[in-house]
Amino acid sequence: MKEGQIRIPSGCAISGLIDKSGKRMSGEAVLRSISVMHDRSNGLGGGFAAYGIYPEYKDFYALHIFYDNSASKKSCEEFLEQHFDIINLSKIPTRKIKVITEEPLIWRYFVTPLPTKLGGSQLDEREFVAKCVFRVNTRIDGAYIFSSGKNMGVFKAVGYPEDIGRFYRLEEYEGYCFTAHGRYPTNTPGWWGGAHPFALLDYSVVHNGEISSYDANRRTIEMYGYKCTLQTDTEVITYIVDYLHRKKGLTFSETAAVIAAPFWQTIERMTPEKRETHEYLRNVFSAQLFTGPFSILVGFEGGLMALNDRLKLRSMVVGEKGDLVYIASEEAAIRIIEPNLSRVWSPMGGEPVIVRLNGDEV
Amino acid sequence: MKRVYVNEKWCLGCHLCEYYCAFGESNKKDMARALKDIKINPKIWIEEKDGVSFAVSCRHCKEPLCVKSCITGALTIKDGVVTINKDKCISCYTCILICPYGAVSPSEDGAVQKCELCVKTTWGTPACVEGCPNGAIVFEERG
Amino acid sequence: MAVNFLYPDYEVSRNDDRCIACRVCERQCANEVHEFLADTNKMVSDDAKCVNCHRCVALCPTRALKIVKNNNTYKENANWSAKTMNELYRQASSGGVLLSSMGNPENYPVYFDKILLNASQVTNPSIDPLREPMETRVFLGAKPQNIERDEAGRIVNNLPPHLTLSMPMMFSAMSYGSISYNAHESLARAAEELGILYNTGEGGLHEDFYCYGKNTIVQVASGRFGVHPDYLNSGAAIEIKIGQGAKPGIGGHLPGEKIVGDISRTRMIPEGSDAISPAPHHDIYSIEDLRQLVFSLKEATNYQKPIIVKIAAVHNVAAIASGIARSGADIIAIDGFRGGTGAAPTRIRDHVGVPIELALAGVDKRLRDEGIRDNVSIVAGGSIRSSADIVKAIALGADCVYIATAALIALGCHLCRSCHTGKCNWGIATQVPDLVKRLNPEIGYKRLVNLLTAWQHEIKEMIGGMGINSIESLKGNRLMLRGVGLSEKELEILGIKYAGE
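Protein chains in written order, with our numbering: chain A, 1 to 362; chain B, 1 to 143; chain C, 1 to 501.
What the hints contain is simulated information worked out from the structure, not anything from laboratory work. Heads up, the beta-carbon is just placed ideally off N, CA and C, and yes, glycines get one too. Hints may be right or wrong, so weigh each one.
Here are the simulated distance ranges between beta carbons [to be verified]:
# : chain 1 : residue 1 : chain 2 : residue 2 : range
1 : A       : Gln-122   : C       : Glu-151   : 27 to 35 Å
2 : B       : Lys-62    : C       : Gly-195   : 39 to 47 Å
3 : B       : Ile-38    : C       : Ser-94    : 31 to 39 Å
Okay, chain A solo, but in the shape it has when bound (with noise of 0.2 Å):
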């Protein structure tokens, strides 16, 4: 059984941690953090985001694909060839662990939409590369783009995410933001796609929850044209995240009102004028909010959102310490890495705590 075919709910351990300086850090931190989390994990799925780990090719689409076989590595380099210009290929570098078994063909592209193709999309670039993130993923048997942003990846993969994080090397990564996931599933798959982050573009998700709306989001979503092939909640989730920011322009403020939307009896205490941008945002993306447990992490350029359900039933805690801002399930997982912190506290239901590099707009 793979995603896609049932749903499977899952719960998890995740955590993240972001330097607004920008400075970049070696992976081995996210891993070591995750790491002590190991029991929130069953060892069906793990992976990491990673943002600022390909500064020299920072202009181009970075797309990480699994494939089954040769014959689907063949067919989705072709359908590449015919829509980007392809500046660098190689495979995905990877140590043998003995409990990472199964692996699929790790493949990963620097590229740019052809000139000559996007004109006749009439399409902007980044839609156009996300409608052949989706003909890839649904189309072609046996390949799956399971990264696509610039200047950022995702290494995912089954098993135990301290195993997956050495798997990929990710020690010998540097970035300035990483985001961690390990899985818990109530169910055996045993497909690497199906492991998170989910990410389209340079959105990444890593969620810990079960959303009891997903079936009124999934079909919301689906309607924009967006195909939640694999049924997880953290798909529906990033592309409504994608839809919100990137399509209708929404803050990422705006976002969480919208994702993890105030009560009523909230919004009926605030200012008028706040009230009617809350009535408003309510109304207008009824569909798009989120009932039910969860804890997300949103990786995107230049910083990182973490957002509990409006109920706050699932844990997260938030820490500091001069420039680095540290996320996770657990206090633990925070304090493993950075004993010392200047702040450490619990972000309200709903309450969205939204980080930036330093001197990032909006």
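Knowing the structure of chain A, use the given hints to seat chains B and C on it.
For chains B and C alone, coordinates are given in the frame of chain A:
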């Protein structure tokens, strides 16, 4: 003080108030047993003419003429309720003649009877009000 | 007539041990079933006149009365039922079309009863509405296409006109004329207290009820009775009635005897003249004509009111709804084949149209497939019997439901299905003053408020159990539903899985 008020707009002329009154007075548990094969003599009754109907019962006046006219002191005001002490009543019927609302009537035992807001029955609150199907009889405080 | 082909279906059973001859049954029966025999001090009844409305049963203070099914029988025949034979006898004697009232009573599948709801266990906590906020507010209307911002970057409120409801329920159209003044007052006052809306139906709006405008939907139907600028502007929304679930494809007929006094004035037709609503709107023979009427009404109300288009659920309902969603209408109301009526030809009521569950699922899917679900809200009606039906309808894709039969039952209706006789003993479907006064709106509106408040509580419990704390997360959330006793095709149309999957 709470009194019984009627509203002819909602009175259906169904006469149920009369039967609930009689039942209330009977202090029995079952209306069929209480009222089977008897002719009731209720303390509230329906007046009807030309399609208009309403219930009539004692208004518990603040200055009741019946009390003033009672020569034996059988009628008194007790906590605002105009009350009859049947042991003192000598059946002179002055009260019946003097009540401008016709709310006092003779009972089977000779003494007069009148609505006493069910304070002496096991119901405790007026049975006619509870038995009215359309809210035409209410028991409430009015200024 | 020497030969009486019709034997009463029901008989009045009186327990003489309990009857105290108070005569309330006699006084309260407009059909004159009961009679007091003074010489024997006994009540007797004529079963042939009884419509089984239970007024006498409900008012009998000693519970001496009950209505029982008559066991008089024809020779058993699986093909020619007694009902079929009786209808045939009736037509052979009258030569007329059979008339019926209220919704389709025949034994077609009730899909709501073959759908089960989900609840959370372990992986996702259920939410207790007594401890946590549980939201049932809904908005009806089109969503704006784009976010607009002012120079300061603030979001500009570019919402098209919409309705705000405290809970996903509204009272559906019942005209003044088909139901009484007191029934209308009960609905209007209940709607105001509950923060929802009621619907005038095609009878105009009595001047006494203009004060309930913000809780009123004013209807424009094919007869255009009672329609004038003040009427259109008096409500919160305007509904164009194309069809009704009980009688798709045909119009309406309120006989001249009922067009008296206030009803004549409110409908703006002379006293005693029949109020005949044509089968189609004679200015709407195609979808583009509908668009013209939608925009005529928007012009007439300065683009301040959302426009609802109400259609009966018929075979092609999804395509029709798709056309309506592109017509400028803000809300589509779909009325399933079990929807009620004050009077309809029996054959039409019992054989035309499709179940609301299938129609709703089909329309919601089609509008999503075409990417136009945000153009309109969907209101589903046609026999919503309980809060569970509402939860299922919303999970299938409705924004809100229309309630009418259930509201009438709350007011006392016992579904005797004799509205067309005009002698409603409960004061609902009648204009006879003595009968109308039997429904005291002070009591009636409280019963409606009680019913919907109870349903709202139940909805909160059910969605809380699913781990949902706001009704919008239930809308179209078909994973919360599972089917039992349904075929593959039925599951496919409903878009749900089988229980156990």
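Consistency of the hints with the structure:
1. Distance hint for Gln-122(A) and Glu-151(C): a CB-CB separation of about 29 Å, consistent with the stated range 27 to 35 Å.
2. A C-beta distance of roughly 43 Å is found between Lys-62(B) and Gly-195(C), which places it inside the suggested range of 39 to 47 Å.
3. Distance hint check for Ile-38(B) and Ser-94(C): the Cβ-Cβ separation is about 47 Å, which falls outside the suggested range of 31 to 39 Å.
Checked against the numbered hints given earlier, the structure breaks only hint 3 and satisfies all the rest.
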